[in-house]
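Colleague: If you read the sequences in order, they're chains A and B.
Note that the working numbering has the first sequence beginning at 1, numbered continuously upward.
Note that the working numbering has the second sequence beginning at 1, numbered continuously upward.
Derived from the structure by calculation, the hints contain no laboratory data.
Just so we're clear, the structure is a prediction, and the values are computed from it rather than from any experiment.
Treat each hint with caution, since some may be false.
[Unchecked claim] Computed spacing ranges between beta-carbons, pair by pair:
no., chain 1, residue 1, chain 2, residue 2, range
1, B, A19, A, D228, 48 to 54 angstroms
2, A, R152, B, L402, 35 to 41 angstroms
3, A, P482, B, P391, 26 to 32 angstroms
4, A, D19, B, L396, 46 to 52 angstroms
5, B, A409, A, Y328, 41 to 47 angstroms
6, B, P391, A, D228, 29 to 35 angstroms
7, A, D458, B, L29, 31 to 37 angstroms
Heads up, the beta-carbon is just placed ideally off N, CA and C, and yes, glycines get one too.
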Amino acid sequence: MLLALALSVLSWWHVLHQDLVLGYKDALSHLMIGRRVVVGESTGLAQLGGIWLPLQHVLISTLAWNDALYLSGFAGSVFSMACHVATCLGLFLVVRDLTGSRAGGWAAAAVLGLNADVLYLQATPMGEPLMYAGMVWAVHAVLRWQRHGSTRWLFLGAGLCALLVLVRYEAWVFSAALWCVVAHACAVRRQRLWRGDQAAQGTLLVFGFYMALAVLGWLVWNAVLFGDWLHWYRGAWSSVDQMSRLDMSQVGSWSRSWRTYAWGGIHTAGWLALVGGALGLLVAGARERGGPRFTALLTTTVPPAFLVYGLWSGSQPMRVVEVDGDLYNLRMAVVLVVPAALFTGYLVGALPRPTRAPGVRGAALAAVVVGSAGLLVSHALSTPAVPVTAVEAGQARAAYAEQREVGRFVAERTTGRILAESIFNEWVIFPNQDRVVYEGSAGAWDSALERPADDDSDIDVVVMRTTPGDEDSLALALHGSPRLAGFGVVLQTDNFLVLSKGAGDGTTLSRQ
Amino acid sequence: MHRRETAEHTTTRAQRAVAAYLLVGLALLGAWSPSSLGATLVGAAMVFLTAYMVLRLTLVLASRGYRTPEQEPVPDDELPRYTTLHPMYDEANMIPVVVAAMEAVDYPRDRLECLLVLEERDGATVAAARAFDLPDHFRIVIVPAARPYGKPKACNYALQHATGDLAVIFDAEDRPEPQQLRKAAATFRAAERRGDRLGCVQARLVFDNEQPLRDGEGRTRRDDDGYDVRPTTWTSRLLGNEYAVHFDLVLTGLARLGLPVPLGGTSNHFPVALLREIAFEREQMPTMPDPDDGSVGAWDPWNVTEDAELGGAIAAAGWRTTVLDSHTDEEACLTARAALNQRSRWVKGYAQTSLVLLRHPWRTARAMGPLSYLAFQLQVGGTFVSLALSPVFWGLFGAYLLTGSDRIASLFPGPVYYAGMALLVVGNLALLTVSLYAAESRGRHGTVRHLLTVLPVWWCLLSLATYVAALELLVPSWRPSWNKTAHGVRHLGMGRRLALASATWFAAPEPTPVRSVAKPAVRFLPPDRTASVLATGYVAPGVSAPRMPARPARPAPRPVRGGARPVVREVPKAPVRWLSEQSREAVLV
Numbered sequence: 001m002l003l004a005l006a007l008s009v010l011s012w013w014h015v016l017h018q019d020l021v022l023g024y025k026d027a028l029s030h031l032m033i034g035r036r037v038v039v040g041e042s043t044g045l046a047q048l049g050g051i052w053l054p055l056q057h058v059l060i061s062t063l064a065w066n067d068a069l070y071l072s073g074f075a076g077s078v079f080s081m082a083c084h085v086a087t088c089l090g091l092f093l094v095v096r097d098l099t100g101s102r103a104g105g106w107a108a109a110a111v112l113g114l115n116a117d118v119l120y121l122q123a124t125p126m127g128e129p130l131m132y133a134g135m136v137w138a139v140h141a142v143l144r145w146q147r148h149g150s151t152r153w154l155f156l157g158a159g160l161c162a163l164l165v166l167v168r169y170e171a172w173v174f175s176a177a178l179w180c181v182v183a184h185a186c187a188v189r190r191q192r193l194w195r196g197d198q199a200a201q202g203t204l205l206v207f208g209f210y211m212a213l214a215v216l217g218w219l220v221w222n223a224v225l226f227g228d229w230l231h232w233y234r235g236a237w238s239s240v241d242q243m244s245r246l247d248m249s250q251v252g253s254w255s256r257s258w259r260t261y262a263w264g265g266i267h268t269a270g271w272l273a274l275v276g277g278a279l280g281l282l283v284a285g286a287r288e289r290g291g292p293r294f295t296a297l298l299t300t301t302v303p304p305a306f307l308v309y310g311l312w313s314g315s316q317p318m319r320v321v322e323v324d325g326d327l328y329n330l331r332m333a334v335v336l337v338v339p340a341a342l343f344t345g346y347l348v349g350a351l352p353r354p355t356r357a358p359g360v361r362g363a364a365l366a367a368v369v370v371g372s373a374g375l376l377v378s379h380a381l382s383t384p385a386v387p388v389t390a391v392e393a394g395q396a397r398a399a400y401a402e403q404r405e406v407g408r409f410v411a412e413r414t415t416g417r418i419l420a421e422s423i424f425n426e427w428v429i430f431p432n433q434d435r436v437v438y439e440g441s442a443g444a445w446d447s448a449l450e451r452p453a454d455d456d457s458d459i460d461v462v463v464m465r466t467t468p469g470d471e472d473s474l475a476l477a478l479h480g481s482p483r484l485a486g487f488g489v490v491l492q493t494d495n496f497l498v499l500s501k502g503a504g505d506g507t508t509l510s511r512q
Numbered sequence: 001m002h003r004r005e006t007a008e009h010t011t012t013r014a015q016r017a018v019a020a021y022l023l024v025g026l027a028l029l030g031a032w033s034p035s036s037l038g039a040t041l042v043g044a045a046m047v048f049l050t051a052y053m054v055l056r057l058t059l060v061l062a063s064r065g066y067r068t069p070e071q072e073p074v075p076d077d078e079l080p081r082y083t084t085l086h087p088m089y090d091e092a093n094m095i096p097v098v099v100a101a102m103e104a105v106d107y108p109r110d111r112l113e114c115l116l117v118l119e120e121r122d123g124a125t126v127a128a129a130r131a132f133d134l135p136d137h138f139r140i141v142i143v144p145a146a147r148p149y150g151k152p153k154a155c156n157y158a159l160q161h162a163t164g165d166l167a168v169i170f171d172a173e174d175r176p177e178p179q180q181l182r183k184a185a186a187t188f189r190a191a192e193r194r195g196d197r198l199g200c201v202q203a204r205l206v207f208d209n210e211q212p213l214r215d216g217e218g219r220t221r222r223d224d225d226g227y228d229v230r231p232t233t234w235t236s237r238l239l240g241n242e243y244a245v246h247f248d249l250v251l252t253g254l255a256r257l258g259l260p261v262p263l264g265g266t267s268n269h270f271p272v273a274l275l276r277e278i279a280f281e282r283e284q285m286p287t288m289p290d291p292d293d294g295s296v297g298a299w300d301p302w303n304v305t306e307d308a309e310l311g312g313a314i315a316a317a318g319w320r321t322t323v324l325d326s327h328t329d330e331e332a333c334l335t336a337r338a339a340l341n342q343r344s345r346w347v348k349g350y351a352q353t354s355l356v357l358l359r360h361p362w363r364t365a366r367a368m369g370p371l372s373y374l375a376f377q378l379q380v381g382g383t384f385v386s387l388a389l390s391p392v393f394w395g396l397f398g399a400y401l402l403t404g405s406d407r408i409a410s411l412f413p414g415p416v417y418y419a420g421m422a423l424l425v426v427g428n429l430a431l432l433t434v435s436l437y438a439a440e441s442r443g444r445h446g447t448v449r450h451l452l453t454v455l456p457v458w459w460c461l462l463s464l465a466t467y468v469a470a471l472e473l474l475v476p477s478w479r480p481s482w483n484k485t486a487h488g489v490r491h492l493g494m495g496r497r498l499a500l501a502s503a504t505w506f507a508a509p510e511p512t513p514v515r516s517v518a519k520p521a522v523r524f525l526p527p528d529r530t531a532s533v534l535a536t537g538y539v540a541p542g543v544s545a546p547r548m549p550a551r552p553a554r555p556a557p558r559p560v561r562g563g564a565r566p567v568v569r570e571v572p573k574a575p576v577r578w579l580s581e582q583s584r585e586a587v588l589v
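Same shape as in the complex, but just chain A (with noise of 0.2 angstroms):
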């Protein structure tokens, strides 16, 4: 645990001088929503909105109204990384406790917490490693519930499934199959579901409840403040909208789809890892004899499944060099990297004990060392960069730095209540969110958009998206308009001008 602890922090500290924290864009905009929770103009739950999962941006609404937390992106990271040692822990015990083995818990454990791009998401305020270390302790709480047929632990996994189910949405479909793995161990106990204790029955409801009720709250929230119960999949810039906009080759492709996710795996885990992970999977299902301790072990892969199925279906975007050309949402395959762990580790646990000879231990040190080194060189072979996500975070950084100018320059050289759009602007907003009016400010947002110019909505700055063909909506509602009567240019670059009222053109400054 301290070596996780120790590699978390070194990695964050690595990738905060390499300026990555906020390299993902997403990373941005999950500061963002958990700041606005408690600081801005209009702030309150409904902030959380509808379409992105509330948990981790509740969570970092409990940090993210300290400016340095917030700016530093440390709001958000510092939850990451505390999962990422919890997921390390988690897979230890799992395999320890699976095979008796301290030396494949350590290999989990070793596949996961050296894993680069593991270790350069849980760095940043990502929601994946909230995923990752949910899931494996569900798993471990579903196991030791089995193992000792503690209520307590039965009580757990259903939390955190239900916890699961706010996080990401693929962790819906893992909750799904955990429950389906509580069934399968009731089943094979022969415990009743309407007659005798009714043990099964309990037992399932229990396990389903949180998990259902955590759901049944979303889609209340969605309804309550979007009027639609499946605003989150259907409503503007949900997952299916943006995907509308791109052109995606993996959409009805199963050969496509199954070969992008692939080549993501192999990018993001490693050769090493996932071949470990293969024939660890094998040996397991033989042991195990398909049952419920195997299931249970099987449901870590059910979200790279559905991610497959999302590329397929077109509600989730993913592209690799080998297939499209280019990078694109690697993260998303990252997850491949939990079972890989599990299974690796699930092989290492099952190999014959070494005898107590002499050298015995200096040649299990060697093994972890030449394991360790095996696996951070597979990775390397499989890539052609590591961590691959972080390069692509950075191509993503990269191609925001106008926005980041822009943003610096609105947040250096202006004051008072800014009117601009969220929605790919984050880097203007990002580190001016406490006097942004947004799309998300309620009647606010309304009545400055139509009357920017008056006292009454109280704007002082104006910043629009203008690329042409791609213009915000305050491009399209107020560019050139005379309800812009009183503010001056005080910037203009390519695509953004920043107005300001009260300014003359003679201030107006420009980057071409």
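Mind docking chain B on chain A? Use the hints.
Modeller: This is chain B only, laid out in the frame that chain A set:
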């Protein structure tokens, strides 16, 4: 020494004055700024509810680390003399049950004294007891007919005749675990050796009809007539679950943290000397027909949860209460109506206890310790207030969802809003989880579906019962006595109670009909072995069947469709009689 106060008067003049000042202050605030008044009230309620919820959850979490108290086995010849009190009213049919339950107890008979505490005005039970072939260590105590009627006064009266070193109360339907008395004696012995001031040992109460009795195939066991051997309804399941939460989680949490324990109704074991030591003053007790009456004022005769109050008194006297690793089987009510009447009484008793402890808050807090006092108040008064407030906030929440009213929103500024949301979501879910955990961990899997479907409704009904209790508190002239709910003895329906409370709103209290009592009746009666037939269907393990009288003829059984649905036998209701009527009909022995 902390001086106990009775609940003869619901509030004192000083309390009424404070309440009046508070109301005037709030009225002035409301006149000056209605929104401030609303926000103040809502804010105060949130602080209170948060504290209550935090305490409940803390106790549940603390219960995990609870270790049963150390016991020192006591040889038979050193066992203390034990007195078991069995207060009964209108329970003629339960005499054999009590005898059977106590016959199953493993305790030397020469050191055991079982007192059947019967009411003089309950001729039927007295006659039944006399007619029964009672074992030698059983004695009958007849409590004279004098107000206030009820279990606490009956126990106070019986205690003067107790010869035991230790005493315990068992209700008529109680079936204590056979080793319970030995365990309690061993616990007191170990505490004595350590110099620990252990004042009470509470055994867990368990409703055994939380789930039906099943055969090896999982089928509900039925008798020859097709009735369930152990009738179970959703009410009995929920009540059983409540008991599990209360005794297994809350009380053990309190005991672990060393906080005062509001004792349960029965199975609490005391040193008799302690009961005498902390008893009420003689002038605080009701006037008895016999001027030489030697009743011991251990229990408050006017408090309908006298055991809870006694738990506080034990703590205030510097004694500790612990929870024993033993249980007593009881029988839960089968109908929601009966259960709600019972809950209404309990909640009212908690409110009485809380108000009594609020008469001298500083003095009582010094005696108990500030934290203990606060925790005890939250346990007793907090239960009443939280149940009363809950519908108000649910109503506000529902109204806001429907109307989006700004006026409602203004009642919940920032922190209050978040506290309210947390209570709404986390608090209610936590309470539900505690109930589910209690069901699952004890193997009551069949209760889970009832908890998930009925529990919120049950909470609403509990709040309704709380309002009825509040009404009863506001009408001191109407205090039902021996408001027994289970076992087919006596209970008044909710509607009837409301009607009675309304009808007596303006009526003067009815004087105690002392004149109708011919002569004080304190006597030990030898068993009359020419006993007539009594009705019971209970056969305790280890008790020979011939001792139990035959069951009376029953109406033809209803057909059971499919044979799987449990058949609920409703306990036949006794005719509803009002107290004065009962008094006039008092049967003298």
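Colleague: Now tell me if each hint is right for this structure.
Modeller: Hints and how they fare:
Against the hinted window of 48 to 54 angstroms, the Cβ-Cβ separation of A19/B and D228/A comes to about 50 angstroms, which satisfies the hint. For the pair R152/A and L402/B, the beta carbons lie near 40 angstroms from each other, so the given range of 35 to 41 angstroms is met. At about 55 angstroms, the beta-carbon gap between P482/A and P391/B misses the expected band of 26 to 32 angstroms. At about 49 angstroms, the CB distance of D19/A to L396/B agrees with the hint of 46 to 52 angstroms.
Roughly 43 angstroms separates the CB atoms of A409/B and Y328/A, a value that falls within the hinted 41 to 47 angstroms. A hinted range of 29 to 35 angstroms holds for the C-beta pair P391/B and D228/A, which are about 31 angstroms apart. In this structure the supplied range 31 to 37 angstroms holds for D458/A paired with L29/B, their Cβ-Cβ distance being about 33 angstroms.
When held up to the earlier numbered hints, the structure conflicts with hint 3 and nothing else.
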